[in-house]
Every structure is written in structure tokens, then in C-alpha cells.
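Enquirer: These are the residues of each chain, in order.
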Amino acid sequence: MKADITFGQYCEGNSLIHRLDPRMKIVLSILYIVAIFLAKGVTSFALLILSAVLLVGLTGLSPAMILRGMRPLLFIIVFTAVINIFWMTGDVLLVQLGPVKIYLEGIINAILIVVRIVLLIVATSVFLTYTTTPLALTDGLEQLLSPLKKLHVPVHEFSMMMTIALRFIPTLIDETQKIMNAQKARGADFSTGSLLQRAKALIPILIPLFISAFRRADELATAMECRCYTGGEGRTRMNVLRSTAKDWLFLLAILLLGTAIVLLNTYFPLYGLTL
Amino acid sequence: MQKNPIIKAEHLTFSYPGDSESKPVRALDDVSFEIEEGSFTAILGHNGSGKSTLAKLLCMVNYPDSGKLFLCGKDLTDPDVTDEDILAARRDIGMVFQNPDNQIVASIVEEDVAFGCENLGIPSAEIRKRVDQALEQVGMTKHARSSPHNLSGGQKQRIAIAGVIAMKRKCVIFDESTAMLDPLGRQDVMNTAMKLNREDGITVILITHYMSEAALADRIIVMDHGKILRDGTPSEVFSDPEAMWDAGLDVPQTTELLYKMRQAGLDVRLDLFDVNDCAAEIARAIKRARGGK
Numbered sequence: 001m002k003a004d005i006t007f008g009q010y011c012e013g014n015s016l017i018h019r020l021d022p023r024m025k026i027v028l029s030i031l032y033i034v035a036i037f038l039a040k041g042v043t044s045f046a047l048l049i050l051s052a053v054l055l056v057g058l059t060g061l062s063p064a065m066i067l068r069g070m071r072p073l074l075f076i077i078v079f080t081a082v083i084n085i086f087w088m089t090g091d092v093l094l095v096q097l098g099p100v101k102i103y104l105e106g107i108i109n110a111i112l113i114v115v116r117i118v119l120l121i122v123a124t125s126v127f128l129t130y131t132t133t134p135l136a137l138t139d140g141l142e143q144l145l146s147p148l149k150k151l152h153v154p155v156h157e158f159s160m161m162m163t164i165a166l167r168f169i170p171t172l173i174d175e176t177q178k179i180m181n182a183q184k185a186r187g188a189d190f191s192t193g194s195l196l197q198r199a200k201a202l203i204p205i206l207i208p209l210f211i212s213a214f215r216r217a218d219e220l221a222t223a224m225e226c227r228c229y230t231g232g233e234g235r236t237r238m239n240v241l242r243s244t245a246k247d248w249l250f251l252l253a254i255l256l257l258g259t260a261i262v263l264l265n266t267y268f269p270l271y272g273l274t275l
Numbered sequence: 001m002q003k004n005p006i007i008k009a010e011h012l013t014f015s016y017p018g019d020s021e022s023k024p025v026r027a028l029d030d031v032s033f034e035i036e037e038g039s040f041t042a043i044l045g046h047n048g049s050g051k052s053t054l055a056k057l058l059c060m061v062n063y064p065d066s067g068k069l070f071l072c073g074k075d076l077t078d079p080d081v082t083d084e085d086i087l088a089a090r091r092d093i094g095m096v097f098q099n100p101d102n103q104i105v106a107s108i109v110e111e112d113v114a115f116g117c118e119n120l121g122i123p124s125a126e127i128r129k130r131v132d133q134a135l136e137q138v139g140m141t142k143h144a145r146s147s148p149h150n151l152s153g154g155q156k157q158r159i160a161i162a163g164v165i166a167m168k169r170k171c172v173i174f175d176e177s178t179a180m181l182d183p184l185g186r187q188d189v190m191n192t193a194m195k196l197n198r199e200d201g202i203t204v205i206l207i208t209h210y211m212s213e214a215a216l217a218d219r220i221i222v223m224d225h226g227k228i229l230r231d232g233t234p235s236e237v238f239s240d241p242e243a244m245w246d247a248g249l250d251v252p253q254t255t256e257l258l259y260k261m262r263q264a265g266l267d268v269r270l271d272l273f274d275v276n277d278c279a280a281e282i283a284r285a286i287k288r289a290r291g292g293k
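Line by line, the protein sequences give chains S and H. With the working numbering, the residue at position 94 of the first sequence is 94, and numbering never jumps. With the working numbering, the residue at position 158 of the second sequence is 158, and numbering never jumps.
So here's chain S without its partners, still in its complex pose:
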């Protein structure tokens, strides 16, 4: 069951990256994504790949697992690559089959875009999903956004909703499985028939799931109320987030990476990306 939801799932660990301040990790991943989008030439991408490999190494997680987490996005990756290979025009014509022309630029572009997407996934998995508990992530986000409370943005409520949603994902997955088994035992067929028929077969799963989700919500609300929950006001936290020297060091490193990419773009672009 768990293997199915690896994408976006926390992996237990105690590496340097695991222990970073979640707030800093959010900032770092945003900066890293900016750096990825700044990169234009082959050289800057090479630098990014190097840094990504280094980051994965620092997490102590197996690279195979991170790659496996990319499987759901395989279609998007292949799709963008194909589009780039066939639709991109350039100066160096490699193959011509009737109306289809494949240019060297197209292939390079496709490769760079694939690298870009893969790096985006690696960056967010390394900094956020794989090394930060969803709860820490929500906490970090809540605290990062807390200045918005002054503008009456319900930051705490959003983060509470996130926390609860995250908490109930595995519970609801289990429940879905149970309902499916129950319906199968009554002769339901989910795996054959046309797409429409299969979609229709899901209705007997969704309705009980929704009803039970509402019941759960109701009970949870009662339980929270009984535990004196009255909203964000006057609430303290057990784990207070603290930024330490290593957090700032990482920030510095990422900023340097961004600077290096801008410099490489300007002075050694080699083949540039034209999107």
C-alpha cells in the first residue's frame, strides 16, 4: 500500500538536510527552483546536476527511490521531450523524414528540458517531501506566512487544514481499499469495460468514502473541541523552529549557486535553451 504513495512522502532519516529548519528548506527550494529556471546553457545545467547529486548524497536517501518517485510524472517528461524534438527548428538539420525535421537544437533543448523537470522534482523531493515531515512543512509554511495574518489572511486555519488533510490521507486510502474490497466481494468489477464503465464503477466507492469522510470530520471536530481547540489565537507550539548556522550556510550555498549560474549563462553558455 505504501509503495503506491511514495511520491510526496516523508522518508525517515537523520541527515544534515533532514535536520534543517523547515522554513529555511522552503526558502531554499524556492531559490533552487529559481536557479533552475535561470539556467540556460549546458554548463549551468551541468553545475545544477552536480549540485543535485551532491544534495541527494547529503540526504542519505537512495537515488533509486527518488527516481522511482518520478514515475508518475514520466508521461509529462516524455511528452515535453517529444514536443521539443519534433517542433523545434534550428540551424543544424539532422534527420528529415518527409515533413518531419529533427534539428540538433531540438534534441539539445529536449534534453535540457527533461533535465530541468527532473531537477525540479529532485529539488522539491530533497528539500521538502522526502526530508521534511508534512507537519514540519505546514509549520514552516505557517510561520513563513504569519506576517500575512495582519492582512487577515487565515494562515493558521489553512495550516490546520493542511495538517488534518495530511493526517487523513493514509486513513482514507486504507478506507478506499476496504470499500473496494467490500464492493468486489459483492461482485463489483473495476478493471474491465470501457473507460466510462470503469468511471461509473467508481461511484459506489466514492459515495461511501464521502459519507464516511463527513462522519470523520464531524467526530474529529468534536474531539478537537473537547481538547480545547479554539483556533490559532493564544496557541503555543511544542516544537519551536530555530534557524542555526547550518541553515544560513545552506542559504549562502544556494545563493552562490544562483550567482554561478548567472555567470555561466553570460560567459560560457555553450548551447543555450531557447524557451
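Worth flagging that the hints you see were computed from the coordinates, not collected in a lab. Every residue gets a Cβ at the ideal spot worked out from N, C-alpha and C, and that includes glycine. Take the hints with a grain of salt, since some may be wrong.
Chain S stretches covered by chain H per the calculated footprint, using a threshold of three residues with CB under 8 Å from any CB of chain H [unchecked claim]:
#1 130–142
#2 161–169
#3 219–228
With chain S held as given, fit chain H onto it using these hints.
Expert: The following block gives chain H in isolation, referenced to the frame of chain S:
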């Protein structure tokens, strides 16, 4: 020693509003009782007897139609009662619900235990201390960082109990907390509840339909059709199995066996709820009967 009642109910009445097809259902009908601080009370009843409605009134999810309800000496049915008063009462009275999944808020055990304390605005260091202590008390320290999803039902209930302990509440209401658990989990939760009461002096109210659990309490309140049918120690309540059977309730298996043996002419006591005690009593009675011949 006269102890203060932590909960005092006077003539509580509550009906569920009916709709176009059904008449309103009277779930509680003139219910009065007192729960002393530090006591261990079981509220027993079959489905529809009003025991869960009573729990909902006690945790202030529902309000009684009439009658008075005092929690920690404060009248919560007073029309002038403020939200602060209700919050103050909730600080002292905790609930452990039936479904272990639907009362856990956080995806890490210790975060969930801390949830209540965080709501109270307790300083971080103090929360940490209380959470560690509470987890220790329910024997879940080694699961502090795990995800509740991977725990058994009994373990989840122990986390819920830890949450109550961490808030330093005076009274815990177990609303059929063992109903969805396997026998081992049930044992777990019962042991923890007993420990809370015996060692920490926390008032425990156990709402249940398991006779064997109710037999462990100091006092049993038997509910039937929204009324209190009987109220007394386990020995008193179970001394008349016929009356319990008439109310659609059971008695502990040990009591049933002893009762049947008594009907068969054997001179045995009825108020033994431990299997070993029961066996010893039967052996003694048989020996006596043989000696008499």
C-alpha cells in the same frame, strides 16, 4: 472523607428532534447522579439506552433540554454561561472517543499528544516535559516519533489517553473507547484507565457495554431507556442477574455461571468477577457440598 462531586447532574432531560417521519426521541429522561472526584465509575447500557447521549452532554457537545449539569462545581446549564466557562470546564474533563482514528489530529504521535497543551497556550518547554511524561505513562515512548497510522487501535487509544494526561485533566470520560478494539487492545486501554485512576487519582468514567469492563469499576450506573436503572457497586448491580437480563443487559460470565450454579442448589457467592476467584469459589462450594453428604 467527603469528596466534592466533579460532575453533578440534576434531572437531565434530552430529546433528539424528530423530523417529518419520526417523533422526537427522548434519549435522556430525568437523569440525576453525582460523580465524586477520584472515583472510577462505569456507565453501562445497551445500544439506545442513552449512555452515549449522556457522554455528549458531559463533554458539552449537546446541551440538555432541561435539568442542571455542574462540572467542577460550575453550572453549565446556566443561561449566563460564557464560552470561557465552557472552555474552563473542558480543561478539566477530557474525552477518549470510540473511533481511535477520528480523534488524532497530527501525523506524528508526540505532536498529537501535544495538541491539547498547545491549545491551552502552555510554554514550549513545559509541553515537551508533559508530553514525554505522558507518553512514558501510557508506555508509548518508543513510538513518540511514529505516525499514528501505523499503530494498532489500542495504541492509538493510548495516545489519546496520553493527550488527556498531558493536559493534566482531573477527569477522563471513555466513551466506548474499547468498542472498536481487539481483545488485546481492549486490555491495554483498560489497564491504562485503571492505572490513571489508581495511581494518579484521575476521575474515570467508563461508558461501555462490556460487562467485564464495568465489573472493574468502583461503581456502576446502569442506563436503560434514558433512565438510570440501577446505581451501585458491581456486586450490588450484578447481584440480581434476572433484572439485568430483563433490561436486555448481560452480567459478567463469571456471575452468570455462579448464578446458574446457585439455582442448581450450590451455595456460591455471586460477586466474583475474576475467573480464578470464580473457579476457587466453585471448587470450595463443591467440596463443601460433598463434605455435607
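Enquirer: So, for every hint listed, does it hold in this structure?
Expert: We went through each hint and held it up to the structure:
1. 130–142: Check passed, 3 qualifying residues.
2. 161–169: Holds: 4 residues of the segment 161–169 of chain S have a Cβ under 8 Å from chain H.
3. 219–228: holds (count 9)
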